Amino acid sequence: MNLTLNVWRQPNRHTEGKMVEYKVKDISPEMSFLEMLDVLNEDLLHAGKDPVAFDHDCREGICGSCDLFINGRSHGPEKGTTTCQLHMRKFSDGDTITIEPWRANAFPVNKDLSVDRSAFDRIIQAGGYVSVNTGGVPDGNEIAIPKEIADRAFEAATCIACGACVAACKNASAMLFVSAKVSQLALLPQGQPERKTRVENMVAQMDKEGFGACSNIGSCAAECPVGISLENIAILNREFIAAKATSNNLA
Amino acid sequence: MSWITKTLTSSIGRKLIMSISGLFLCTFLVVHVVGNLQLFKHDQGAAFNAYSHFMGTNPIIRTIEWVLVLGFGFHIYEAFALVRRNKAARGHGYAQWKAEQNSEWTSRNMGLLGTIILIFLIVHLYNFFWRARFGGLEKIGGDNPEISDYDNLYLAVVSSFHIWWYVLLYVAAQISLGYHLWHGFRSGFQTLGLNHRKYMPVIKYAGYVFSVVVSAAFASMPLYFYLFTNEQGELAANAPSLIHAVTSAF
Amino acid sequence: MLLDSKIPEGPLAEKWEKHKFNVKLVNPANKRKYDVIVVGTGLAGASAAASLAELGYNVKAFTYHDSPRRAHSIAAQGGINAAKNYQNDGDSVFRLFYDTIKGGDYRAREANVYRLAQVSVNIIDQCVAQGVPFAREYGGLLANRSFGGAQVSRTFYARGQTGQQLLLGAYSALSRQVAYGKVKLYTRSEMLDLVVVDGKARGIVTRHLITGEVETHAAHAVVLATGGYGNVFYLSTNAKYCNATAAWRAHKKGAFFANPSFTQIHPTCIPVSGDYQSKLTLMSESLRNDGRVWVPATVELAERLRKGEIKATDIREEDRDYFLERKYPAFGNLVPRDVASRNAKQMCDEGRGVGSSGLAVYLDFADVIKRTGAEAVSQKYGNLFAMYEKITDENPYELPMRIYPAVHYTMGGLWVDYNLQTTIPGLYATGECNFSDHGANRLGASALMQGLADGYFVIPYTIGDYLAQIPPKPVDANHPAFAEAKAFVQARTERLLSINGTRTPGQFHRALGHIMWEYCGMARNAEGLTHAKAEVRKLRNEFWQDVKIVGSGEEMNQALESAGRVADFLELGELMIDDALHRNESCGGHFREEYQTPDGEALRDDENFAYVAAWEYLGDNQPERLNKEELIFENVKLTQRSYK
Numbered sequence: 001m002n003l004t005l006n007v008w009r010q011p012n013r014h015t016e017g018k019m020v021e022y023k024v025k026d027i028s029p030e031m032s033f034l035e036m037l038d039v040l041n042e043d044l045l046h047a048g049k050d051p052v053a054f055d056h057d058c059r060e061g062i063c064g065s066c067d068l069f070i071n072g073r074s075h076g077p078e079k080g081t082t083t084c085q086l087h088m089r090k091f092s093d094g095d096t097i098t099i100e101p102w103r104a105n106a107f108p109v110n111k112d113l114s115v116d117r118s119a120f121d122r123i124i125q126a127g128g129y130v131s132v133n134t135g136g137v138p139d140g141n142e143i144a145i146p147k148e149i150a151d152r153a154f155e156a157a158t159c160i161a162c163g164a165c166v167a168a169c170k171n172a173s174a175m176l177f178v179s180a181k182v183s184q185l186a187l188l189p190q191g192q193p194e195r196k197t198r199v200e201n202m203v204a205q206m207d208k209e210g211f212g213a214c215s216n217i218g219s220c221a222a223e224c225p226v227g228i229s230l231e232n233i234a235i236l237n238r239e240f241i242a243a244k245a246t247s248n249n250l251a
Numbered sequence: 001m002s003w004i005t006k007t008l009t010s011s012i013g014r015k016l017i018m019s020i021s022g023l024f025l026c027t028f029l030v031v032h033v034v035g036n037l038q039l040f041k042h043d044q045g046a047a048f049n050a051y052s053h054f055m056g057t058n059p060i061i062r063t064i065e066w067v068l069v070l071g072f073g074f075h076i077y078e079a080f081a082l083v084r085r086n087k088a089a090r091g092h093g094y095a096q097w098k099a100e101q102n103s104e105w106t107s108r109n110m111g112l113l114g115t116i117i118l119i120f121l122i123v124h125l126y127n128f129f130w131r132a133r134f135g136g137l138e139k140i141g142g143d144n145p146e147i148s149d150y151d152n153l154y155l156a157v158v159s160s161f162h163i164w165w166y167v168l169l170y171v172a173a174q175i176s177l178g179y180h181l182w183h184g185f186r187s188g189f190q191t192l193g194l195n196h197r198k199y200m201p202v203i204k205y206a207g208y209v210f211s212v213v214v215s216a217a218f219a220s221m222p223l224y225f226y227l228f229t230n231e232q233g234e235l236a237a238n239a240p241s242l243i244h245a246v247t248s249a250f
Numbered sequence: 001m002l003l004d005s006k007i008p009e010g011p012l013a014e015k016w017e018k019h020k021f022n023v024k025l026v027n028p029a030n031k032r033k034y035d036v037i038v039v040g041t042g043l044a045g046a047s048a049a050a051s052l053a054e055l056g057y058n059v060k061a062f063t064y065h066d067s068p069r070r071a072h073s074i075a076a077q078g079g080i081n082a083a084k085n086y087q088n089d090g091d092s093v094f095r096l097f098y099d100t101i102k103g104g105d106y107r108a109r110e111a112n113v114y115r116l117a118q119v120s121v122n123i124i125d126q127c128v129a130q131g132v133p134f135a136r137e138y139g140g141l142l143a144n145r146s147f148g149g150a151q152v153s154r155t156f157y158a159r160g161q162t163g164q165q166l167l168l169g170a171y172s173a174l175s176r177q178v179a180y181g182k183v184k185l186y187t188r189s190e191m192l193d194l195v196v197v198d199g200k201a202r203g204i205v206t207r208h209l210i211t212g213e214v215e216t217h218a219a220h221a222v223v224l225a226t227g228g229y230g231n232v233f234y235l236s237t238n239a240k241y242c243n244a245t246a247a248w249r250a251h252k253k254g255a256f257f258a259n260p261s262f263t264q265i266h267p268t269c270i271p272v273s274g275d276y277q278s279k280l281t282l283m284s285e286s287l288r289n290d291g292r293v294w295v296p297a298t299v300e301l302a303e304r305l306r307k308g309e310i311k312a313t314d315i316r317e318e319d320r321d322y323f324l325e326r327k328y329p330a331f332g333n334l335v336p337r338d339v340a341s342r343n344a345k346q347m348c349d350e351g352r353g354v355g356s357s358g359l360a361v362y363l364d365f366a367d368v369i370k371r372t373g374a375e376a377v378s379q380k381y382g383n384l385f386a387m388y389e390k391i392t393d394e395n396p397y398e399l400p401m402r403i404y405p406a407v408h409y410t411m412g413g414l415w416v417d418y419n420l421q422t423t424i425p426g427l428y429a430t431g432e433c434n435f436s437d438h439g440a441n442r443l444g445a446s447a448l449m450q451g452l453a454d455g456y457f458v459i460p461y462t463i464g465d466y467l468a469q470i471p472p473k474p475v476d477a478n479h480p481a482f483a484e485a486k487a488f489v490q491a492r493t494e495r496l497l498s499i500n501g502t503r504t505p506g507q508f509h510r511a512l513g514h515i516m517w518e519y520c521g522m523a524r525n526a527e528g529l530t531h532a533k534a535e536v537r538k539l540r541n542e543f544w545q546d547v548k549i550v551g552s553g554e555e556m557n558q559a560l561e562s563a564g565r566v567a568d569f570l571e572l573g574e575l576m577i578d579d580a581l582h583r584n585e586s587c588g589g590h591f592r593e594e595y596q597t598p599d600g601e602a603l604r605d606d607e608n609f610a611y612v613a614a615w616e617y618l619g620d621n622q623p624e625r626l627n628k629e630e631l632i633f634e635n636v637k638l639t640q641r642s643y644k
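Protein chains in written order, with UniProt numbering: chain A, 1 to 251; chain B, 1 to 250; chain C, 1 to 644.
Pulled out of the complex, with its shape left as it was, chain A reads as follows (with noise of 0.2 Å):
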């Protein structure tokens, strides 16, 4: 099929942008999108043109890379799925295609699609651990953990890190990434000595990195390529009032 794509270029992140027309041609309905993409950036650099720069890399839907705000959703049209696992059996001959990065001030554009998600790593790094040093741990099987429990903490800590919540927040909120980290530990044991100051510190790193407050909008969860659920924010804010009720922090 025949496809006109409408796709952000900006050279760095100190430059302005804008959208810019491309057409494809002879693209089958089997590719991925970034096959798509593919396509295009051979067809750009034989012309001598740069090419169009993107964040990919497994391709397979499990690291995060990929970020395309397509057709006004994050990671396109299709449910629970990241943009490299979205074929282009998904669109129609003739479509036009409107492609953006990220769009969240705590996200600055690289360069065209690529985006820096740098943000999230600081808010793990604000407390997203359990502190145990390598060595010295109890035997794996010493904490029993129920089924029940593993499987919720384990559905949370699926978080891909991609940032498609916070791209498709009207708030550019940040609140599901959190509070899937934020769940995952404090529904399981290991969690528990932390419990207070990792809510307490990664809500107030989250807030420093500049996005957005949770309007429980709910467009996250619908976004969420893996199905991070919205009882996780729930989690999180139940943990914050708890944590700033009770802690012995006064900071």
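No wet-lab data here; the hints were simulated from the structure.
Quantities reported herein were computed from a predicted structural model and do not represent experimental measurements.
It is possible that some hints are incorrect.
[What the hints assert, rightly or not] DSSO-like, lysine-lysine: derived pairs with alpha carbons at most 30 Å apart: (1) A:Lys-208 - B:Lys-198; (2) A:Lys-25 - B:Lys-98; (3) A:Lys-90 - C:Lys-307; (4) C:Lys-307 - A:Lys-25; (5) B:Lys-87 - A:Lys-18; (6) C:Lys-548 - A:Lys-25; (7) A:Lys-147 - B:Lys-204; (8) A:Lys-79 - B:Lys-198.
Dock chains B and C against chain A, hints included.
The following block gives chains B and C in isolation, referenced to the frame of chain A:
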């Protein structure tokens, strides 16, 4: 900053204030709507005026009134603070934005709905509250010395509800309120962290029922007087029999 | 050069304990005076960086991703082995050791593998303590599943996302050290050369992928945890960025490259659907726990399937050939990967392959769905089934999956001794980047085990032994070797940009992949390899005359990044061919058609080839020198592998 101000100005803290003030305002709505149902009584406003006199003079109510003002104040202030923060968080906007495919219209437009309600509130307060509190209303008069000195708020209400644009504003505001509550009720619980697999569906549907019932009850008042009564609030004989049946229950 | 593997003396089971006592220690107050560079932040890198920082060393961690969490370890699906014997089914450290040595077709070093099996149990404990949500039984204890090449259930898992959960555990430990200031994290920084001062590794040169800035970094030791080189084949289950550049640059600076031809072809991948395809997707080996592999019994039926006249479900039970169950009754569908792959290829070569291309076999879940219900199957494999459907548009709950082997892992890598040190003092290699533990074939769920074993439990001890022997003085970053290495990197970038030819890096990569897959893939022969060697050389010459890149080096330039990696693949590819050509035997993933048993199994030649081939770089366009490390087996008997 102390830990308290830090907590309350954090993104979750601000939402917490929104939630608590919002749910508090819901309780106010319940009191308000139940009290106002007195309007439907076929007694030339006696019950309603007695009720409004009580509300205007009882010291406990007058004290709680200040809490209510605070509730509105916080709710409105935080709304502006959050909108500013949230707009800044996006920065550059999207060329194409299809939020309608992943969320409800009302959830995304709480600010718009709230603003309509706020405009209504100003008009509403001036028209009834201000006049009742600071004069400008007729007295009831008549033979009963106990009530003859009361303000006849009933008459003011009924005559206001015969002005078409006034009725229109009321109805529009109540539709906004309904949508505002549609999202706000459930959202308030979510912000407080009160989300549980078992109870969330109950909260959700209770919220839907609450928002429809409250806003419909409020909206029914101006419509009733505009459509079915004369300027003294007497039900017209040619009003539908259903209306007769319903209002006679009060 | 004599390769000293530095295997400690003593009985197998005591070597590691003894060695840990014998290695020199760095006094705690001195640890902060040593800097260590860790390149790569996958399982091996993140775990090493975190553990070294916890000990007190100053760590600089490098990744070309925007975040450490994107490393391709994240995509590992099935699980991680550990000799816990929680299932009471006869597992032990020795059995895991034995299975791994046997699975590797007796081409791995006994002492390393035994140590791996020993520390495997600590890994599970460590990960649980970090909050990794492993699958659990209703009683709250850890669950296990079975994997290929083993008759016990020793694989720990987190649905089909075990690699993700383990990596996030290591990433969280790393993040904690970043917060403490003990690890300085350099993201979007690609290592493009190693700095060697007086024969010792003393630093690296990196290019920042967003700004294009070329920087040098100095340290007392360098750890490479940069993964494997499966992307030589262009199409593989590796991520798009996976490359050999860091390891190859180290090789050219003096680190020997061991067994480069040992490549693992994974039997269960989604088949290729067209020329545009950019990568292949793995369907976890764990699926072979419950899925049954089959092809039609006759060529006629296969033809009708290929033409789309009939569907898989139309074929009667008696017309199906469950070839793995038929040929290997003891292990059935759970034979090791190399055996499963080769048999699938054989079926397709016989004309019984399915799918429109005929290059696929079925992996059928009808039986297990009938036995336990679709819900139970979804609990175990839900995400894999969903992924399969997204890619192929077919529902695996209704139709059997179509699968075909694809390049997945490279057992070869930088040669390391028992301490994981390469032939350059101060340069270490961990995880898939080294060659050490898997011999000629890796068992399923062992890559995660090795990466974490190296990073959490081996390198923290062995690197101390090296550092304790050098003075705790700052490394002189002004040594001319740093400027030289930087100038080399800049010159190479300039050269790539100046060619301005007609073919894109992608086109060259595809062409190389085609040659490698055709002649150095699942089955190899001397004639084909010789032909391929000439082809690769020709392609390499064309590359340096005709590659096309636009833009500059001072900006984000993905075509330039790709070109640099392809240039290195074009050199490594030739070495792989040399290695495959010199090894006149079949073993594990290296199947030379000239050397097979009458029933088509790999035929080893232990008399002549029970060694590690460690290749030494001597200069551009010169043949590399072969060095041998003899493999001595004192604890297992070398036999023909049998899974019947």
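How the hints compare with the structure:
The suggested pairing of Lys-208 of chain A with Lys-198 of chain B is violated, with an alpha-carbon distance near 35 Å, which exceeds 30 Å. Of the supplied pair hints, the one linking Lys-25 of chain A and Lys-98 of chain B holds, its CA atoms being roughly 26 Å apart against a limit of 30 Å. The straight-line distance between the Cα atoms of Lys-90 of chain A and Lys-307 of chain C is roughly 25 Å, inside the 30 Å bound, and the hint therefore holds. A distance of roughly 28 Å separates the Cα atoms of Lys-307 of chain C and Lys-25 of chain A; the hinted pair therefore holds under the 30 Å criterion.
A threshold of 30 Å between alpha carbons decides the hint, and for Lys-87 of chain B with Lys-18 of chain A the separation of about 21 Å falls inside it, so the pair holds. For the hint pairing Lys-548 of chain C with Lys-25 of chain A, the CA-to-CA distance comes to about 22 Å; that is within 30 Å, so the pair holds. At most 30 Å may separate the alpha-carbon atoms for a hinted pair to count; Lys-147 of chain A and Lys-204 of chain B meet this at roughly 28 Å. Simply put, Lys-79 of chain A and Lys-198 of chain B have alpha-carbon atoms about 25 Å apart, close enough for the 30 Å limit, and the pair holds.
The earlier numbered hint that this structure contradicts is number 1, and it is the only one.
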